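**Student:** This is what each chain is made of:
4 protein chains.
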Amino acid sequence: MNEQTLEPLRKQLAAFAAARDWDQFHSPKNLSMALIAEAAELVEHFQWRTEQQSAELDTRTLDAVALELADIFIYLIRISDKLGVNLMDAAARKISINESRYPADKVRGDARRASEYDQE
Amino acid sequence: MNEQTLEPLRKQLAAFAAARDWDQFHSPKNLSMALIAEAAELVEHFQWRTEQQSAELDTRTLDAVALELADIFIYLIRISDKLGVNLMDAAARKISINESRYPADKVRGDARRASEYDQE
Amino acid sequence: MNEQTLEPLRKQLAAFAAARDWDQFHSPKNLSMALIAEAAELVEHFQWRTEQQSAELDTRTLDAVALELADIFIYLIRISDKLGVNLMDAAARKISINESRYPADKVRGDARRASEYDQE
Amino acid sequence: MNEQTLEPLRKQLAAFAAARDWDQFHSPKNLSMALIAEAAELVEHFQWRTEQQSAELDTRTLDAVALELADIFIYLIRISDKLGVNLMDAAARKISINESRYPADKVRGDARRASEYDQE
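Chains as they are written, first to last, in our numbering: chain A, 1 to 120; chain B, 1 to 120; chain C, 1 to 120; chain D, 1 to 120.
Note that these hints are calculated values from the structure, not bench results.
Treat each hint with caution, since some may be false.
In this list, chains with the same sequence are indistinguishable; a pair is considered to hold if it fits within one copy or across any two.
Dumping the calculated EDC-like pairs for lysine to aspartate or glutamate here, alpha-carbon to alpha-carbon at most 16 Å [as the list claims (entries may be wrong)]:
#	residue 1	residue 2
1	Lys11	Glu99
2	Lys94	Asp63
3	Lys106	Asp21
4	Lys94	Glu41
5	Lys82	Asp63
6	Lys82	Glu51
7	Lys82	Glu7
8	Lys82	Asp58
9	Lys82	Glu56
10	Lys94	Asp71
11	Lys11	Asp23
Bear in mind that the values here come from a model prediction, so they are computed numbers and not experimental data.
Next up, chain A with everything else stripped away, as it sits in the complex (with noise of 0.2 Å):
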């Protein structure tokens, strides 16, 4: 995997936050409250709905849909990119931890968080 993949928008997001001289209010703590206000702005499209209506939305939920998956996105990027994160970088790792976590042949169909099978 190219880890310089999310290159452009980091810099495009960088550039529009300069533009507007918003950088004075992009300290990481600031853009984790952002972020999860936008994350909760994806779950109240589904609070309501089932698991079942989740998966089968309407054009114009899922296009609103998108916009939410997208500001998070935005938002992701520019908290990693204040804090010198290389997001492609973290993922990979986390995915080699999580590969150790959750051996498929151990928890295979089982949803359980991993505290709860370190428990056992």
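For chain A, the structure is supplied; the task is to place chains B, C and D on it using the hints.
**Tutor:** Chains B, C and D in isolation, oriented as in the chain A frame:
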């Protein structure tokens, strides 16, 4: 920007879930909950830190924060996949909307929410 | 309803923070972060459970969930105190707004958000 | 402290839902999502404000924030009701746990998370 850029990661995560028979748990509704839970773990790192402290993390905390960012990214890619949303496309579309909504010369140095601008 | 009803709890939590010199950390901003982090711990208990399973928790899980609810309640009282908001008054006011906004004969059996009704 | 103190509010909210035939939507899972979405609306008010600004809200913002706090409170009472949890009891129990976990003379002026203390 190459819109296929997240494709290897999307495939890797789909295979990870398939190998564990976890698709049955991965409704968009459930994934939105998992995503916001990870976003909250990010917030937790910053809740008692000042804005300035949030930008000056020690190595150990920064490492933990990077893995929280990875968790959010992983669920973001996973839910986008389940909904058939191309995250790079959606981000490009949202940035374009933001450029119209927040003209640089109107909002410079002012971070109020768009809804508040609209009330003026 | 007696509006002074949360007063003993408010005082107890204020004394708890004062004894630890924690008021310096308890800005409304920080407390809102702590509150949402606790709300996410609640969500985590339900993210891989079906709706029905969420209503039929085993004793150990129910006990853990009760303590998460307590954490949310504690931060809710604490932030209300810091802002000088009377939570019982605010709830009474919000219920009255909801009664106008969602007339029973209009919304029966329909859980869409008010904003969605308003678009009709 | 009178543990029956939230009983009138609990009953009022149960009647509100029953009159609208909304119990079918009010699984603990769904209510946890609604609760965190309201918590995020609170966070949104503070995300671009400094800690100090968050403590000095203008009247109009404070009024809006009070209603967000009410929304969180309403869902908190509602989910507790659905799970058969007495919120006042749970809070008393949690405060007692916190008193053991954070002895005043050990943690004075230090807001690190308990997990960080435990690592020492």
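**Student:** Indicate which option fits the pair Lys82, Asp63 if close means a Cα-Cα distance not exceeding 16 Å: within, between, both or neither.
**Tutor:** between (29 Å within a copy, 14 Å between copies)
**Student:** At most 16 Å between alpha carbons: which applies to Lys106 and Asp21, within, between, both or neither?
**Tutor:** Between. Shortest inter-copy distance 11 Å satisfies the 16 Å Cα cut-off; intra-copy 51 Å does not.
**Student:** Within, between, both or neither: how does the pair Lys94, Asp71 come out at a Cα-Cα threshold of 16 Å?
**Tutor:** between (22 Å within a copy, 7 Å between copies)
**Student:** Tell me, please, which holds for Lys11 and Asp23 at an alpha-carbon limit of 16 Å: within, between, both or neither?
**Tutor:** Close inside one copy (13 Å), not across copies (34 Å); limit 16 Å.
**Student:** At most 16 Å between C-alpha atoms: does Lys94 with Glu41 qualify within a copy, between copies, both, or neither?
**Tutor:** Between copies, since 15 Å is at most 16 Å while 26 Å is not.
**Student:** When Cα atoms must be at most 16 Å apart, do Lys11 and Glu99 count as within-copy, between-copy, both, or neither?
**Tutor:** between (32 Å within a copy, 15 Å between copies)
**Student:** How do Lys94 and Asp63 come out at 16 Å by Cα distance, when the copy is not named: within, between, both, or neither?
**Tutor:** Between copies only: 11 Å across, 30 Å inside.
**Student:** With identical chains, the pair Lys82 and Asp58 could be close in the same copy or across copies; at 16 Å between alpha carbons, which is it: within, between, both, or neither?
**Tutor:** This pair counts as between: shortest inter-copy Cα distance 14 Å, intra-copy 36 Å.
**Student:** Could you figure out if Lys82 and Glu51 sit no more than 16 Å apart (CA to CA) within one copy, between two copies, both or neither?
**Tutor:** Result: close only across copies, 12 Å inter versus 35 Å intra.
**Student:** Can you give me the call for Lys82 and Glu7, within, between, both or neither, at a CA distance of at most 16 Å?
**Tutor:** Answer is within: at 13 Å inside a copy they meet the 16 Å cutoff, but 25 Å across does not.
**Student:** For Lys82 vs Glu56, is the C-alpha pair at or below 16 Å within one copy, between two copies, both, or neither?
**Tutor:** between (36 Å within a copy, 10 Å between copies)
Checked against the numbered hints above, the structure violates none of them.
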